[in-house]
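Listed here are the chains, written in short residue letters.
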Amino acid sequence: GAVVSQHPSRVICKSGTSVKIECRSLDFQATTMFWYRQFPKQSLMLMATSNEGSKATYEQGVEKDKFLINHASLTLSTLTVTSAHPEDSSFYICSANRDTLRGETQYFGPGTRLLVL
Amino acid sequence: TQLLEQSPQFLSIQEGENLTVYCNSSSVFSSLQWYRQEPGEGPVLLVTVVTGGEVKKLKRLTFQFGDARKDSSLHITAAQPGDTGLYLCAGLTGANSKLTFGKGITLSVRP
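Just so you know, the protein sequences line up as chains W and L, in that order.
Going by the numbering used here, the letters in the first sequence line up with residues 1 to 117, in that order.
Going by the numbering used here, the letters in the second sequence line up with residues 118 to 228, in that order.
Please note: incorrect hints may appear among the correct ones.
Calculated cross-link-like contacts (lysine-lysine; reagent style DSBU-like; alpha-carbon spacing at most 30 Å) [claimed, not checked]:
{"#": "1", "chain 1": "W", "residue 1": "K55", "chain 2": "L", "residue 2": "K174"}
{"#": "2", "chain 1": "W", "residue 1": "K41", "chain 2": "W", "residue 2": "K64"}
{"#": "3", "chain 1": "L", "residue 1": "K187", "chain 2": "W", "residue 2": "K66"}
{"#": "4", "chain 1": "L", "residue 1": "K215", "chain 2": "L", "residue 2": "K187"}
Ranges of calculated distance between the beta carbons of each label pair, as one might list FRET restraints [claimed, not checked]:
{"#": "5", "chain 1": "L", "residue 1": "V167", "chain 2": "W", "residue 2": "E22", "range": "36 to 46 Å"}
{"#": "6", "chain 1": "W", "residue 1": "D27", "chain 2": "L", "residue 2": "Q131", "range": "16 to 26 Å"}
{"#": "7", "chain 1": "L", "residue 1": "G199", "chain 2": "W", "residue 2": "K55", "range": "21 to 31 Å"}
{"#": "8", "chain 1": "L", "residue 1": "R227", "chain 2": "W", "residue 2": "S89", "range": "39 to 49 Å"}
Keep in mind that the hints were calculated from the coordinates and are not lab data.
C-beta: ideal position from N, C-alpha, C; glycine also.
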C-alpha cells in the first residue's frame, strides 16, 4: 500500500492566489522529505529538500519566497505556492526518505496536479 | 553536476518481446533506484541496487548494477501491455541524500 500521501490530488486556482499542498509519510517518520516538479513528458526536477525542524534547502533557481516549505512534524511537510501564476501549473510530487536495511530509500507520493488559471 | 543518461528515450514494442534499457553515468552512486511512473501518478519504486555487480529480479524484470556502480540496466522478458509506462532511474549520493534522476524511458507495449 501507499506509504506517502499527498493532498489535494489536483487543484485549480486563480492567478494570484496561494495553494498549499500536504505531503504525509503514513507509517514511518521522515526527517527528510523532498519536493519535485514535473512538466509534461519530462523527468522530475528537485525543487527543495525539506528538513524537519529546520529551514528547507532550495535548489538553484527555485524561489524560496514563492515556494514556502514547512516541515511541521516527522510525518508532514507542506509546500505553499504563493501568488500562483499560470507558469506555476505543473505536477508537484513529494517524497520521503525512509531508512531501510539496504540504506535510504525514497518513497514518492501520488502527486498533485496544479492548474493556475 | 551528476548526470544520468537513460536510453533509449522511447521504445515501442510488441507484446511478448524482450527488451533491455540502460541508465549510465560518469559518477559513482552509493545506490541506484528504478521507478515506474504512469501518467498522472507518482513514481513507484521497483528496486534499489546497492552493491556493484548486483542482479535483482522482480518477476519478469531483471535489474543489474554495474561493477563500478556507475550504470545499470533493466531487462524485461516477455513484455506485456501492463508494462507500459515511464521508467526512471535515480542515483543516490551520500551528500544530502538527494536523488539524481535520469530523463526516463517511455515504454509502450502494444497488444
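Given a hinted range of 36 to 46 Å, is it respected by the beta-carbon distance of V167(L) and E22(W)? About 31 Å separates the Cβ atoms of V167(L) and E22(W), which means 36 to 46 Å is violated.
Determine whether the Cβ-Cβ distance between R227(L) and S89(W) falls within the hinted range of 39 to 49 Å. violated, 32 Å
Assess, step by step, whether the Cα of K187(L) is no farther than 30 Å from the Cα of K66(W), and give holds or violated. violated, 36 Å
Assess, step by step, whether the Cα of K41(W) is no farther than 30 Å from the Cα of K64(W), and give holds or violated. holds, 25 Å
Between G199(L) and K55(W), does the C-beta distance stay in 21 to 31 Å? violated, 42 Å
Check whether the Cα positions of K55(W) and K174(L) lie no farther apart than 30 Å. Not OK: K55(W) and K174(L) at ~39 Å, beyond 30 Å, violated.
Does the Cβ distance between D27(W) and Q131(L) fall inside 16 to 26 Å? Check failed, 40 Å falls outside 16 to 26 Å.
Does K215(L) pair with K187(L) here, judged by a C-alpha cut-off of 30 Å? holds, 16 Å
The structure is inconsistent with the numbered hints 1, 3, 5, 6, 7, 8, although it conforms to all the rest.
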